[in-house]
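K.L.:
Chains as they are written, first to last, in UniProt numbering: chain A, 1 to 272; chain B, 1 to 339; chain C, 1 to 276.
No lab work stands behind these hints: they were computed from the structure.
These numbers come from a predicted model, not from an experiment.
Mixed in with the good hints, there may be bad ones.
[What the hints assert, rightly or not] Covered stretches of chain A, as calculated for chain B (at least 3 residues, CB under 8 Å): (1) 41 to 55; (2) 127 to 139.
[Claimed, not checked] Covered stretches of chain C, as calculated for chain B (at least 3 residues, CB under 8 Å): (3) 111 to 119; (4) 208 to 217.
Backbone N, C-alpha and C fix where the C-beta goes; we use that ideal spot for every residue, glycine too.
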Amino acid sequence: MHRFTGSDRALALLILALAGCGFLILVGPVIVVLVTSFTSSRALQFPPPGFTLQWYRELFDPARSAQIHIAAGNSLMVAVLTAVVATSLATAAALAITRSRAGWARVAEGGFMAPLVLPGIAFGLASLMFFSWLRQPPSLALLVAGHAMIAAPFALRTVGASAAGLDPALLESSAALGAGPWRTFRRVTLPLILPGVAAGAFLAFVSSLDNVPVSLFLASAQTDMLPIRMWGMMETALDVRVAAASGVLVAVAFVLLLAMDRAVGLARRMSG
Amino acid sequence: MTEFRRRHLLGAAMAGAALPFGGARAQGTTMTAAVYPGGWDEALRDVLAPRLREQGITVAFEPLFAVDQIAKARAARGNPPFDVFVLDPGPRVSGIDFGLFETFDPAKLSNLGQLPPGQADAQGAAVAAQVVGIAYNPTKVPKPKGWADLFKPEYVSKLGLTGFGTTFGTISLIEMAKALGGSVENMDPLFAELRRIRPSVAAVGQPAAMPGMFQQGQIDVMYTNTYTVTLLRSRGVNIDFAVPETGAAAFMTTMHIAKGSRNIDAAYKYIDAMISTPVQAALSQAPYFFVPVNKDVTPGADVPMRSISEIGNFVTHDWAKINPVRPQWIQRFNREMAG
Amino acid sequence: MTENGVWRLALPLALAQMLFFVAPLLLLAATSFATDENLRAWSLRAWRDALGDDFNIASVINTLRLGALAVLATAVFAVPLALVHMAAGPTLRRVILIAAVLPLLTSVVVRTFAWIVILGREGVINATLQGLGITSAPVPLLQTEHGLILALTQIEMPLMLLPLLAALARIDPALLDASASLGGSLFRTLRKVVLPMALPGLIAGATLVFASAATAFISQGVIGGGRLNYLPAQVWQQAMVVFDWPLAAALAITLMGSVLVVAAALSLLGAKARHA
């Protein structure tokens, strides 16, 4: 992609233009949220009449936002557990599906997607009915299981896309060299599918973090969840702290990404 | 996961906040109450919960809208996820129909005398009033006189419509039907007008989105309760409440004890404390702005009544009549709006 | 593990789904054939109401159409973004990756507010159009299908972009250089080298976007509004306001079934692409 001819240049320009528009669409609304989170008005307002850090201070205030902190803690814990459970289950299944040419794999792949397309309200209601019938009241474990059902298809798809290009010969040669299946997975397969696994874990994490309908039914007074709390703050009072909470998430993701970059870079330098 | 590890994991994130996961259960009684998310949740945690702690009762709150409470209690089939409901009239009637409530004995309330007559019965007790009318942006549109004004061209293009999904939406639409010559038995005039204004209405949608659209100028007129108007204005939104010429509508928010509750005594104490004079007085002030049901408490300045005893002067509705026909109205609203 | 034993890896997910998804789903299916949720008597009433009604059929078609348009719109922008990511240096790559995940980090609650700000009558787009003199009066965007699709393009783009980036990450840059040095045009390189590698990612993304956009209840309701008619809102109303659970169950299963048919078709396409 170095020496451009005329038509190459036109195509490259088109790609760049669309990518630019795509970038704008991705970040535009997020910028609106971030700018709004610094508003000096007492309700969500855009454009803000002035700027202040007040809403971040209030969001971190241990007394005034205690309930938000508890809900955030619950939501984060459920999201982490969901990501771990969903990604592990889905990675194994994705490897099975991509490595099998049999017809069952196609059927299974479609079937595994089903939780994603059942409306959340219906799934939440049905889960609560079913587990009430088994005399299992809403609990943390049930909540994680419910979230993991919705999250697993994300991981299944992204891992599947990464594993699709996996060369079977590579795995066979690893096995031929005497590596056990676990070792082959860790040393050969996992590094190759890591982008898909990471993307899947991330999608699972955020899908859980932002889930309203399943939490509505499977959460209890003991597991107050953040998105439900934020709905209330938004609906009744246009509370600016909901925008500040998004600001915090974006900042955390930024720092995490930079830290990961550093760690990867460091590891590369140390091994090289 | 053991209780210990769970708390260990959470510890860092929660900085020692009173953890409802076990822990506090040792002394006294722990009960669970459903509460509307947002303002109600904040208010009841701040004002009501400390009162009960004095009596050795720890309250865990579960934030759920009224319809969500009914759906959740119904799905749980006799294992109520909370001890006390807080509901508007529509969901209240559904709850009665589905047999979700324990029989309520008003005589167990020490503060019964503070309620106007008839506001506690075998189902539950009223804990707050809601006054519904028209909300408008005084910097953008003139004050509307009545429900029929909303269908005039100067308001239609700025009107945010919500359907029959909520209690306040339902009674507002009924009042509009009456202003247009219809009634609860005959909603046709309303639907004919809705069909006419459909293309030019500024927004049709979920109540949750309306405050945001109002603040951003997408809509300048909507129907809602005084509570929302006062709360939004206290946060700097340009919003005023207009009492329609046919009168503002009012209804009671009620609390009920869940059938199968294992904390019935605590639940009575909770409802009793809720209607007590000090709690009602605190809740009627900023930043909560509840309309009190206690006869000894004066409502806030925005509420067009000086005492709950005037509730008889307001337009009220018979929900036992409304609930059976509401599903048809909902369907018809969907169809008219989807064109 | 041999080709024959590999299916065992799918077992844990299958068992978990049996208990936590299929069992509740069966209860839901049973409810749709019952007179009420206590399953005391059986009836086809809910299914007659669900499928015998043109309004609901129109909802199904609208919902599937919305999913398809969202897939198209996200692909139009995500593919070029993924290509630029592939060709870019480390800094630009990082910027694109951050942008790709940003929509997921703003909660659905605030996102609805952001779209009111952008699409509203006095919103960012209308202010820009009027400022540039392109239009004289506000153009309706909020509560229209175009507005909703634009919003869904942002909201769902990560689901398209992340699998694409993951799939393209496997392309060996040497391969691209080789194709270019052999005199292959950019178009030829994209078609012969990049597209085959991108296809599994594209199809994975399409499946996720389709499913997610078709069931995006909150965005449909707030940004689309009550004048657009999609199935998830019907499910919610029947379940939570009308308390007609059999009908809610029948509608939910109808939605799931129709979206799954499309997802299965995409999955078949994906399998073809993979083993081609």
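K.L.:
Each hint should be assessed against the structure and marked as holding or not.
P.N.:
Verification of the supplied hints:
1. With 6 residues carrying a beta carbon less than 8 Å from a beta carbon of chain B, the segment 41 to 55 of chain A meets the three-residue requirement, and the given coverage holds.
2. A stretch counts as covered by a chain when three or more of its residues have a beta carbon under 8 Å from one of that chain; for the segment 127 to 139 of chain A and chain B the count is 7, and the coverage holds.
3. Against chain B, the segment 111 to 119 of chain C contributes 4 residues with a C-beta closer than 8 Å to a partner C-beta. That satisfies the three-residue criterion, and the hint holds.
4. Remark: the segment 208 to 217 of chain C is not confirmed as covered by chain B, as 0 of its residues place a Cβ nearer than 8 Å to a Cβ of that chain, below the required three.
Hint compliance for this structure: hint 4 alone is broken.
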